Amino acid sequence: MSKTIEEINEKIREGKAVVVTAEEIIGIVKQKGVNKAAQEVDVVTTGTFGPMCSSGAYLNIGHSKPRIKLGGGKVYLNDVPAYAGFAAVDIYIGANALPDDDPRNKVYPGEFNYGGGHVIEELVAGKDIRLVATAYGTDCYPRRRLETWINIRDLNETVLFNIRNACQNYNVAVNLSDRTIYTYMGVLKSDMGNANYSTAGQLSPLFNDPYYKTIGIGTKIFLGGGIGFVAWHGTQHNPNVLRSDNGVPRRGAGTLSVIGDLKQMSPRWLIGTSMLGYGCTLTVGIGIPIPILSEEILQYTAVSDDGIFAPVIDYSDAYVQLKPDILDEVSYAQLKSGKIVIQGKEVPTASLSSYPRAVEIATILKEWITSGKFLLTESVAPLPGVESGITFKPLKERPLEE
Amino acid sequence: MTVSKRIVLHFPKRLVDRPIVYRLIKDYDLEFNILKASVTPQEEGLMVLELKGEREDYDEGIRYLTTTGVRIQSLSQDVIRNEERCTHCGACITICPTGAFEVDPLTRLVKFDNEKCLACGLCILACPPRAMEVHF
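Line order of the protein sequences matches chains Z and E.
Using my numbering, the letters of the first sequence map in sequence onto residues 1 to 402.
Using my numbering, the letters of the second sequence map in sequence onto residues 1 to 136.
The set of hints was computed from the structure by calculation and includes no laboratory data.
Watch out, some of these pointers could steer you wrong.
[What the hints assert, rightly or not] In silico lysine-lysine, DSS-like type, Cα no more than 30 Å apart, as pairs:
#	chain 1	residue 1	chain 2	residue 2
1	E	Lys116	Z	Lys189
2	E	Lys13	Z	Lys345
3	Z	Lys189	E	Lys111
4	Z	Lys220	Z	Lys3
5	Z	Lys30	Z	Lys345
6	Z	Lys373	Z	Lys263
7	E	Lys36	Z	Lys189
8	E	Lys26	Z	Lys336
9	Z	Lys345	E	Lys116
10	E	Lys111	Z	Lys336
11	Z	Lys106	E	Lys26
12	Z	Lys36	Z	Lys3
13	E	Lys116	Z	Lys339
14	Z	Lys32	Z	Lys213
15	E	Lys26	E	Lys36
16	Z	Lys339	E	Lys111
17	E	Lys13	E	Lys52
18	Z	Lys127	Z	Lys16
19	Z	Lys16	Z	Lys373
Given the structure is predicted, the values throughout are model-derived calculations rather than measurements.
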């Protein structure tokens, strides 16, 4: 059995495509078997909704009269610094950016109530954003100061461009020390008082296409409530890790860089997020359709939580010191049961990624495709796979000489 | 019959320096457990109490509080979840000391049980989208 994306798109146009979510396909394959399911199902939709720190947006705010060159100057959006290292009126706001006067962790643990992720959420929600900028002034761009309200509807390009999202797998974080620690994996209580994980498991895009056979550069996706595309492999993309027999990586592996028009997106799917004692970030909703081109691809999408394993890492030491130590491996089915047993101790678990919202994303994408308004794309180039030889390198530090 | 209730007391500025809780114990024979107390300059004093005693004493004690000018609210409404903001991720579940949050095993939606909430406030800052709010 094999299909092409063009054949599937033809069925979508005719309103005849059979589309199911990555959760629904599990039962279908159990009931009908791979062969029959692959003949019947055309597309499997995935979804994930979690904090994704390497996210941000670039904006072109339009030229003021007289002109100002923000490039090389300083720009603040609601007091949060934006990057101004481009041409005159292009700026980039990163999800982790913080106001200069935020106390950070001076009062420990810092609250991090407002940062770049919150600016992006408010911008998408259509709220006015206060822009304050200073520049050095040139003959052609003489203005040195700009203070104005901006609104997404008045801006030129507003583009979400995230350099690392949708991680294929992620650590389960615990704390072996004797005090509470505050991490990007949430609040971790002492002596393994809790274990936090962050993935949609069986619904997560790259768990359903573990070898990147359909998801590639140019793949059209659900991004933040609008339509986006896979732009590149994400930073720290690391395909060459330990994998289970079903192909699913047992460690952090592939990642995606994604891009899309912020004007189509919604604050329901881009949420400014605060990690106590750590910083601000953006919770991002991503959904990716997987065309069922073959039985092999369908088999991958049938993966369920009991076939996906993650490493348990001590965030008080091993993570901090870049040690390879892994306390244990647990399946997502175990994690979702509410407790895991590590070194003989029962540890309650919690998720930072929202499974109900991941279901909702996969369901929305399914509706978009079923109703004919979302056609699948052929990727223009593959993501680097296992054979690429990519390895994830630590920093080779070379101290500066005096 | 003994009763045990969690209540929020609001002290107007003029009462902040008076030993009101002391009178509750001495005159009305009530047991108390202070869950939270704060006095802010220019603002009223606030105390979250678990109050326990014989029904009659309890009612008398509450009457006394009211006559002094203390405003009383029951606690259960005081930590609320902003349903618009909550994403049902579940980060709160292992943070809450009383188990007020629970995941529905089927839908994975997080249920918040007001009755179990002690208003300790641990979930407020531990919630990544900041969906938990204290309303006194």
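Do the hints match the structure? See the list:
Among the hinted pairs, Lys116/E with Lys189/Z is consistent with the structure: their alpha-carbon atoms are about 21 Å apart, no more than 30 Å. The hinted pair formed by Lys13/E and Lys345/Z fails the criterion: a straight-line CA distance of about 50 Å is larger than 30 Å. Of the pairs offered as hints, the one joining Lys189/Z and Lys111/E holds, with about 22 Å between alpha carbons and a cut-off of 30 Å not exceeded. Between the alpha carbons of Lys220/Z and Lys3/Z the distance comes to roughly 18 Å, so the proposed pair stays at or under 30 Å and holds.
The straight-line distance between the Cα atoms of Lys30/Z and Lys345/Z is roughly 34 Å, outside the 30 Å bound, and the hint therefore fails. Distance restraint check for Lys373/Z and Lys263/Z: the Cα-Cα separation of roughly 18 Å lies within the 30 Å cut-off, and the hinted pair is therefore satisfied. At roughly 22 Å between alpha-carbon atoms, Lys36/E and Lys189/Z fall within 30 Å of each other, so this suggested pair holds. Among the hinted pairs, Lys26/E with Lys336/Z is inconsistent with the structure: their alpha-carbon atoms are about 50 Å apart, more than 30 Å.
About 26 Å separates the Cα atoms of Lys345/Z and Lys116/E, which keeps this hinted pair within 30 Å; it holds. A distance of roughly 15 Å separates the Cα atoms of Lys111/E and Lys336/Z; the hinted pair therefore holds under the 30 Å criterion. Pair hint Lys106/Z plus Lys26/E does not hold up; C-alpha atoms about 43 Å apart against a cutoff of 30 Å. With a C-alpha separation of about 14 Å, the suggested pair Lys36/Z and Lys3/Z falls inside the 30 Å cut-off, and the hint holds.
Simply put, Lys116/E and Lys339/Z have alpha-carbon atoms about 21 Å apart, close enough for the 30 Å limit, and the pair holds. Only pairs whose Cα atoms come within 30 Å are accepted, and Lys32/Z paired with Lys213/Z is accepted, the gap being roughly 23 Å. A distance of roughly 21 Å separates the Cα atoms of Lys26/E and Lys36/E; the hinted pair therefore holds under the 30 Å criterion. Between the alpha carbons of Lys339/Z and Lys111/E the distance comes to roughly 18 Å, so the proposed pair stays at or under 30 Å and holds.
Our distance criterion of 30 Å between C-alpha atoms is met by Lys13/E and Lys52/E, whose separation comes to about 26 Å. Among the hinted pairs, Lys127/Z with Lys16/Z is inconsistent with the structure: their alpha-carbon atoms are about 40 Å apart, more than 30 Å. The suggested pairing of Lys16/Z with Lys373/Z holds, with an alpha-carbon distance near 13 Å, which does not exceed 30 Å.
The structure does not agree with the numbered hints 2, 5, 8, 11 and 18 stated previously, though it agrees with the rest.
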